[in-house]
Amino acid sequence: MTTLTTTEAKIDTIRRLQQAIATKDKQAFLDFFAPEVEYHYHVGTRPLMGRDWVEKFITKYWADNSSSTWIIERHSETDAHLFTEGREEYVNASGQVVTHPYMGIIDFKPDGKIVGWRDYFQMADPNATK
Amino acid sequence: MSQNMKVLEAMIDASKRKDHEAFLETMTDDLEYHWHMGTRPIRDKATMRKFLRNYELGFDQRDWTIVNWAEKDDKILVEGVEKIYDRTREVLIDNPFMQVVEFRDGKICKLRDYYDSALVQAPARKETGSETAA
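These protein sequence lines map, in sequence, to chains A and B.
Using this note's numbering, the final residue of the first sequence is 130, and nothing's skipped along the way.
Using this note's numbering, the final residue of the second sequence is 1134, and nothing's skipped along the way.
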């Protein structure tokens, strides 16, 4: 069970979540989320509603994207939110490295659990337009 | 409210009034505006002025609302939504976005917008009388 401490800086919570992603520790990953989480992995696409749906999504995502890397370049936080700017990199089916610049906002409950997550980026593969 | 937040609000107010010179006054001369990540940014006021003029030929920004924001050092990170009217297709579009606003000496020097342009280009609802009040 992942321990959440409400006094912890939100960026540190997310750094620990990134560790869970890096090691593909699904249970540790899911423990960061509230059961009622609303997860917009791409704003504009139907969100994942609830932790069970997040589990289904991440299971498929990890199976399909073995080499993805999430890099946070800038961040700022309030009592309830973490704002990040960064990029995700992965290798597409053609073997090209794809970089998606993104911004995201993560909403936290007072107990430190993630209850909302919205990522903003261009969904289309940038290589497809070159 | 911080001084930088007041500058950002002044930019938003100028945008709503379609006052391009007041809008540009909130920015440094060596501005860097990424209106779409992955596209070459705008780096001077003359180009920015032209961009604003061209944008208004195609779109009418009806609203620009900040929903959440956080400040750190000389940056404000924002989540918001704008309501834009596509003059060509005669449709009103809600465009949710995030942006990073960087400041230097009380002016905006860098601006990066994050959204999916496919949402702007997607079919949207036809404008109705009640929506024009936005």
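Calculated from the structure, these hints are not laboratory results.
Every residue gets a Cβ at the ideal spot worked out from N, C-alpha and C, and that includes glycine.
Among the clues, some could well be false.
Estimated spans, in silico, between C-beta atoms of each pair [to be verified]:
#1 A/N92 / B/R1040: 38 to 46 angstroms
#2 A/P47 / B/D1030: 46 to 54 angstroms
#3 A/I72 / B/S1002: 37 to 45 angstroms
#4 A/N65 / B/S1117: 18 to 26 angstroms
#5 B/S1117 / A/I72: 38 to 46 angstroms
#6 A/F57 / B/R1049: 38 to 46 angstroms
#7 B/E1090 / A/M123: 19 to 27 angstroms
#8 A/T78 / B/E1090: 33 to 41 angstroms
#9 B/S1117 / A/R16: 30 to 38 angstroms
#10 A/E73 / B/D1105: 32 to 40 angstroms
#11 B/S1117 / A/K24: 30 to 38 angstroms
#12 B/M1005 / A/I72: 20 to 28 angstroms
#13 B/D1105 / A/F57: 16 to 24 angstroms
#14 B/K1050 / A/E8: 46 to 54 angstroms
Capping the alpha-carbon separation at 27 angstroms, the derived lysine-lysine pairs in DSS-like fashion look like this [stated by the list, open to error]:
#15 B/K1072 / B/K1050
#16 A/K60 / A/K113
#17 A/K109 / A/K24
#18 A/K109 / B/K1110
#19 B/K1075 / A/K109
#20 A/K24 / A/K113
#21 B/K1072 / A/K113
#22 A/K109 / A/K56
#23 B/K1006 / B/K1016
Against the structure, the hints come out as follows:
Taking 38 to 46 angstroms as the suggested C-beta distance range, the pair A/N92 and B/R1040 does not conform, at roughly 23 angstroms. Taken as a hint, the range 46 to 54 angstroms is violated for the pair A/P47 and B/D1030, whose Cβ atoms sit roughly 39 angstroms apart. Here the CB-CB span from A/I72 to B/S1002 is close to 23 angstroms, at odds with the stated 37 to 45 angstroms. Checked against the given bound of 18 to 26 angstroms, the beta carbons of A/N65 and B/S1117, roughly 23 angstroms apart, stay inside it.
At about 23 angstroms, the beta-carbon gap between B/S1117 and A/I72 misses the expected band of 38 to 46 angstroms. At about 44 angstroms, the CB distance of A/F57 to B/R1049 agrees with the hint of 38 to 46 angstroms. Between B/E1090 and A/M123 the beta carbon distance is about 26 angstroms. The supplied range of 19 to 27 angstroms therefore holds. Between A/T78 and B/E1090 the beta carbon distance is about 39 angstroms. The supplied range of 33 to 41 angstroms therefore holds.
Between B/S1117 and A/R16 the C-beta distance comes to about 34 angstroms, which sits within the given range of 30 to 38 angstroms. In this structure, A/E73 and B/D1105 break the distance hint of 32 to 40 angstroms, their C-beta atoms being roughly 23 angstroms apart. Roughly 32 angstroms separates the CB atoms of B/S1117 and A/K24, a value that falls within the hinted 30 to 38 angstroms. Hint check: B/M1005 to A/I72, Cβ distance near 23 angstroms, so the stated range 20 to 28 angstroms holds.
With their beta carbons about 45 angstroms apart, B/D1105 and A/F57 fall outside the hinted range of 16 to 24 angstroms. Checked against the given bound of 46 to 54 angstroms, the beta carbons of B/K1050 and A/E8, roughly 47 angstroms apart, stay inside it. A threshold of 27 angstroms between alpha carbons decides the hint, and for B/K1072 with B/K1050 the separation of about 31 angstroms lies outside it, so the pair is violated. Between A/K60 and A/K113 the alpha-carbon distance is near 23 angstroms, which keeps this suggested pair within the 27 angstroms criterion.
Only pairs whose Cα atoms come within 27 angstroms are accepted, and A/K109 paired with A/K24 is accepted, the gap being roughly 24 angstroms. A distance of roughly 32 angstroms separates the Cα atoms of A/K109 and B/K1110; the hinted pair therefore is violated under the 27 angstroms criterion. A C-alpha spacing of about 25 angstroms is found between B/K1075 and A/K109, which places the hinted pair at or below 27 angstroms, so the restraint holds. Distance hint between A/K24 and A/K113 is fulfilled; the C-alpha atoms sit about 19 angstroms from each other, no more than 27 angstroms.
A threshold of 27 angstroms between alpha carbons decides the hint, and for B/K1072 with A/K113 the separation of about 23 angstroms falls inside it, so the pair holds. Taking the CA atoms of A/K109 and A/K56, the gap is about 23 angstroms. The hint holds against a cut of 27 angstroms. The hinted pair formed by B/K1006 and B/K1016 meets the criterion: a straight-line CA distance of about 15 angstroms does not exceed 27 angstroms.
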